[in-house]
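Enquirer: Residue numbers (UniProt numbering), protein chains in the order written: chain A, 1 to 231; chain B, 1 to 253; chain C, 1 to 485.
No incorrect hints appear here.
Per the computed footprint, the stretches of chain C lying under chain B, defined by three or more beta-carbons under 8 Å from a beta-carbon of chain B, are: (1) 328–340; (2) 392–398; (3) 430–436; (4) 457–467.
Worth flagging that the hints you see were computed from the coordinates, not collected in a lab.
Everything numeric in this text was worked out from a predicted model, so none of it was measured.
Glycine included, C-beta positions come from ideal geometry on N, C-alpha and C.
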Amino acid sequence: MSANPIRDADARARGAIFKRLRAAPAGEPVAVPDVAGYYAARAVPQDESRTARFIRHAQSWRAEVVETTPADWPQALAGVFADKRPARLLLGRGTAIAETVAGLLPAEQLRWYDEPLAGIKKELFDEVDAGITTTVGAVAETGSLLLHPTPAEPRTLSLIPPLHIAVLHERQIFETLHEAMSTQRWTDAMPTNVLMITGPSKTADIQRVLVYGAHGPKELVILLIRDGGGA
Amino acid sequence: MKPNPAATQVYLFATCVIDLFSPQSGLDVVDVLERLGVTVHFPESQTCCGQPGYTTGFPEEARRVAAAQLDLFPEPWPIIVPSGSCGGMLKHHWPKLFADDAARRAQAENIAARTYEFTDYVVNHLGLELPSGAAPIKVALHTSCSARREMNALPNGRAALAKLPGVELLVHDHESECCGFGGTFSVKHPEISAAMAADKLDAIKATGCDGFVSADCGCLLNLNLTLEKRQDALRGRHIATLIRERMAQGGTA
Amino acid sequence: MSAEAVTVRPEDFKLRSHEALHDAHLRSSFRGAMDFLIERRALQFPDLQAFERLRKMGEQVRQHALNHLPDLLETLEANLTARGVQVHWAETPEDANRIFLDIAQRHEASLMVKGKSMVSEEIELNHTMAAQDIECLETDMGEYILQLDGDRPSHIIMPAIHKTKQDVAEIFHEHINGAPLTDDVNELIGIGRQALREKFGAAKIGVSGVNFMVAETGTLVLVENEGNGRLCTTVPDVHIAITGIEKVVEKLEHVLPLYALLPKSATGQAVTTYLNIISGPRRDGEKDGPQEMHLVLLDNGRTQAYRETRYRATLQCIRCGACMNHCPVYTRVGGLSYGTTYPGPIGSIISPHLVGLESTRDLPTASSLCGACGEVCPVKIPIPDMLMKLREAGRHSVTESMTPPSQALVGQGTVRRLGEVLAWKGWRLLYSNAALYRLFAWLAPRLRWLTPPVQAGWTQSRAPLKPAPQSLRAMLAQRRRDGGG
Numbered sequence: 001m002s003a004n005p006i007r008d009a010d011a012r013a014r015g016a017i018f019k020r021l022r023a024a025p026a027g028e029p030v031a032v033p034d035v036a037g038y039y040a041a042r043a044v045p046q047d048e049s050r051t052a053r054f055i056r057h058a059q060s061w062r063a064e065v066v067e068t069t070p071a072d073w074p075q076a077l078a079g080v081f082a083d084k085r086p087a088r089l090l091l092g093r094g095t096a097i098a099e100t101v102a103g104l105l106p107a108e109q110l111r112w113y114d115e116p117l118a119g120i121k122k123e124l125f126d127e128v129d130a131g132i133t134t135t136v137g138a139v140a141e142t143g144s145l146l147l148h149p150t151p152a153e154p155r156t157l158s159l160i161p162p163l164h165i166a167v168l169h170e171r172q173i174f175e176t177l178h179e180a181m182s183t184q185r186w187t188d189a190m191p192t193n194v195l196m197i198t199g200p201s202k203t204a205d206i207q208r209v210l211v212y213g214a215h216g217p218k219e220l221v222i223l224l225i226r227d228g229g230g231a
Numbered sequence: 001m002k003p004n005p006a007a008t009q010v011y012l013f014a015t016c017v018i019d020l021f022s023p024q025s026g027l028d029v030v031d032v033l034e035r036l037g038v039t040v041h042f043p044e045s046q047t048c049c050g051q052p053g054y055t056t057g058f059p060e061e062a063r064r065v066a067a068a069q070l071d072l073f074p075e076p077w078p079i080i081v082p083s084g085s086c087g088g089m090l091k092h093h094w095p096k097l098f099a100d101d102a103a104r105r106a107q108a109e110n111i112a113a114r115t116y117e118f119t120d121y122v123v124n125h126l127g128l129e130l131p132s133g134a135a136p137i138k139v140a141l142h143t144s145c146s147a148r149r150e151m152n153a154l155p156n157g158r159a160a161l162a163k164l165p166g167v168e169l170l171v172h173d174h175e176s177e178c179c180g181f182g183g184t185f186s187v188k189h190p191e192i193s194a195a196m197a198a199d200k201l202d203a204i205k206a207t208g209c210d211g212f213v214s215a216d217c218g219c220l221l222n223l224n225l226t227l228e229k230r231q232d233a234l235r236g237r238h239i240a241t242l243i244r245e246r247m248a249q250g251g252t253a
Numbered sequence: 001m002s003a004e005a006v007t008v009r010p011e012d013f014k015l016r017s018h019e020a021l022h023d024a025h026l027r028s029s030f031r032g033a034m035d036f037l038i039e040r041r042a043l044q045f046p047d048l049q050a051f052e053r054l055r056k057m058g059e060q061v062r063q064h065a066l067n068h069l070p071d072l073l074e075t076l077e078a079n080l081t082a083r084g085v086q087v088h089w090a091e092t093p094e095d096a097n098r099i100f101l102d103i104a105q106r107h108e109a110s111l112m113v114k115g116k117s118m119v120s121e122e123i124e125l126n127h128t129m130a131a132q133d134i135e136c137l138e139t140d141m142g143e144y145i146l147q148l149d150g151d152r153p154s155h156i157i158m159p160a161i162h163k164t165k166q167d168v169a170e171i172f173h174e175h176i177n178g179a180p181l182t183d184d185v186n187e188l189i190g191i192g193r194q195a196l197r198e199k200f201g202a203a204k205i206g207v208s209g210v211n212f213m214v215a216e217t218g219t220l221v222l223v224e225n226e227g228n229g230r231l232c233t234t235v236p237d238v239h240i241a242i243t244g245i246e247k248v249v250e251k252l253e254h255v256l257p258l259y260a261l262l263p264k265s266a267t268g269q270a271v272t273t274y275l276n277i278i279s280g281p282r283r284d285g286e287k288d289g290p291q292e293m294h295l296v297l298l299d300n301g302r303t304q305a306y307r308e309t310r311y312r313a314t315l316q317c318i319r320c321g322a323c324m325n326h327c328p329v330y331t332r333v334g335g336l337s338y339g340t341t342y343p344g345p346i347g348s349i350i351s352p353h354l355v356g357l358e359s360t361r362d363l364p365t366a367s368s369l370c371g372a373c374g375e376v377c378p379v380k381i382p383i384p385d386m387l388m389k390l391r392e393a394g395r396h397s398v399t400e401s402m403t404p405p406s407q408a409l410v411g412q413g414t415v416r417r418l419g420e421v422l423a424w425k426g427w428r429l430l431y432s433n434a435a436l437y438r439l440f441a442w443l444a445p446r447l448r449w450l451t452p453p454v455q456a457g458w459t460q461s462r463a464p465l466k467p468a469p470q471s472l473r474a475m476l477a478q479r480r481r482d483g484g485g
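Hey, can you work out the whole structure from these sequences and the hints?
Expert: Here's what the structure looks like:
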């Protein structure tokens with residue numbers, strides 16, 4: 001007899017479920033959904049630039065957008081720090097922004113995400129008040145950021161600290177999520193986690209009153225580096 | 001066979017509700033159609049579209065009732081139904097009801113293709129247009145839900161009222177919401193149905209209208225009998241009744 | 001206030017709805033909330049043709065997936081397994097709960113934090129775990145409030161819609177240590193946030209639902225605003241996702257039209273704060289994410305809905321709740337009256353498959369068939385049509401003439417009452433025989449004085465239905481004789 005009754009029960013349930021599904025008659029045939037065609041056929045608004053559309057939508061979700069240039073972004077970020085005054089900023093090592101960011105704050109205000117979550121969890125929930133991440137792109141249609149968390153920039157970096165600062169390159173703004181997904185060929189190698197983030201976390205669960213900062217960040221600052229492409 | 005909207009001969013499928021409970025509405029429908037130059041044929045053997053049984057879970061009974069109507073419209077004339085939900089039954093549900101019976105299905109589809117809700121027909125096919133002259137009146141419009149969703153009754157109802165000089169439409173709160181009739185729903189869940197009817201009537205009364213009109217006699221029975229129980233003098237009338245009244249007042253031929 | 005779960009049963013629909021109808025506060029708060037959601041949704045779909053194109057796409061994605069359901073589930077299982085996710089199958093809520101319990105016991109977990117999951121409500125996970133001394137804590141703000149209060153959700157998207165901020169103030173003050181009494185909503189959310197953060201850090205197991213599963217990539221997609229779903233699926237060592245077998249789609253891009261429809265239809269938002277796309281547990285080198293990940297796939301009656309093509313569209317649902325928001329019945333009786341996990345129109349067509357037709361007998365009839373639900377459904381489920389089919393199934397055994405022929409549903413024919421059957425046979429006899437009907441139409445006006453003053457439910461709020469003094473056919477005949485027209 002098997003040593004694992006749960007696995008046996010699983011197998012029994014699986015067998016029974018598939019037996020019933022397989023025995024069912026075929027449904028009315030439908031065409032394979034042409035999602036790409038659907039998005040291709042949709043009219044893209046022409047009255048404003050893609051970047052302008054992104055900014056407008058992101059702001060409508062209470063994200064703050066700080067526009068800067070490839071040359072000036074460290075200064076702009078310093079401005080964000082001066083404004084938000086993070087006491088402890090969490091960041092990932094070895095990313096495109098890491099060194100520059102580290103140069104902007106005193107070492108004791110930096111917390112590098114160097115160890116697995118278990119070792120940093122308490123600090124992360126109780127002490128760290130800001131996290132900074134890179135992004136892999138954005139969606140103009142909805143004002144959303146796209147993140148693929150990595151070993152350097154884990155999932156919780158954009159989740160637990162009350163302030164999330166995200167660095168976005170203008171040339172990586174796509175019109176739609178579909179465009180981002182297909183251009184970047186996500187399905188070729190699905191990351192363990194892909195996030196689309198639109199504004200800070202929020203809830204309207206009490207009497208439909210909208211409150212920002214439910215369980216995730218209360219504030220989202222997008223540092224938008226205008227490096228062309230999104231016009 | 002293609003329907004011919006310009007035909008001057010039409011069939012009237014009056015519905016069982018009008019035949020037994022609201023005959024004046026039926027008479028007004030005939031009168032309006034005739035004043036607009038149409039010859040109306042009323043097949044004497046008509047009974048009911050089968051909707052009550054169909055919606056209550058007795059489709060076989062409904063099929064038998066509907067089947068008895070299929071031979072009543074041999075000429076290719078339009079079939080006018082002065083009740084949106086019954087019209088929807090002919091237009092959308094009869095073909096489904098006979099899906100497994102090729103001959104009857106073809107008949108049902110032929111009928112469906114030339115079935116018109118009364119308001120739709122007089123506005124869009126007969127070009128209803130009255131001269132001014134009749135006394136001003138303020139009305140609210142209740143469109144039955146199936147009529148609104150299956151027969152496009154809201155735009156048609158509004159369009160019809162717009163053709164009646166002196167008639168002011170007062171839009172009530174939650175205008176598109178159901179009046180709570182729903183056939184046997186009103187008997188199986190009387191309290192919920194009553195709450196819906198009460199809300200509908202409160203909303204209509206709040207407009208300060210002189211009366212309300214509808215193109216569905218099921219809704220009108222529900223609302224008028226609720227008003228009667230409330231001892232409220234307000235009443236709803238079939239939209240044909242209002243049109244006929246305006247024609248008479250305005251002196252159109 | 002008791003922390004005991006309120007037991008509600010679909011059998012009590014009439015009693016519960018009676019109470020709800022007489023609760024003026026509940027009615028006005030539901031009406032206000034539903035009007036708010038209706039208005040917000042309408043703003044998201046200003047162009048009806050564009051909406052129609054999008055929902056046609058959504059319908060097609062769901063129908064395509066259902067047409068290939070067993071194959072897609074096999075592909076999904078293979079891809080998830082390859083990515084290190086343990087896939088479990090459960091025919092019943094008991095099966096599913098056993099799986100949860102087994103995992104919890106292996107990890108010696110005494111606390112689970114849970115993101116919003118209607119399927120977990122379906123199996124009564126909290127209750128079952130509590131019986132084994134395992135706390136299963138709701139972390140969605142609305143669900144958390146209800147759990148503290150021992151109450152149940154009344155709406156699938158806005159679960160605590162029936163609670164006022166004063167209610168919440170008292171609940172928090174009473175149940176959360178050191179919580180000040182305040183009815184400032186910002187402060188209340190802050191109190192909830194702080195109380196739950198401690199739990200996220202402490203829990204060994206995180207539980208979540210799933211909005212969409214992608215077969216080709218082995219992916220789970222979660223949609224949320226609060227961030228608690230991300231915390232539940234990221235922070236604890238173990239993540240257990242639970243959902244129904246029908247939630248799978250073939251390709252990642254197939255999620256897009258559904259996601260474009262879901263938040264717009266649900267709350268009138270163009271997007272949610274988070275679209276969380278998970279394809280496996282923490283990989284080597286990664287610093288967070290669960291070390292162990294499970295997916296529990298529940299049947300619980302879904303194969304019954306699948307088995308007959310006449311009921312299959314029920315499974316197209318993406319759980320947006322738009323049908324509830326627009327339902328004049330739901331708006332008046334509220335979600336709790338239904339006594340089922342899924343209330344409102346969609347609940348009335350799903351629940352008979354989950355728990356049988358007998359206990360849910362009053363649900364398929366609790367609709368005026370006004371069609372508002374079908375009109376707003378983002379995946380075009382013909383809900384009124386399904387309601388009629390379930391009315392039929394409740395009143396007919398399969399041996400009777402059901403067309404097309406069908407297999408028995410659980411509880412098939414249990415709503416059949418001889419009186420009703422005879423009434424409809426009588427109706428058929430009368431209305432399918434022109435001569436008989438003509439006689440009836442001649443008699444009825446003449447016998448109208450016999451009209452009973454009390455007519456079942458009809459006369460509770462209405463004057464009796466009485467034949468007119470003359471039938472239309474008689475009036476038309478008279479008119480012809482008079483040479484009118």
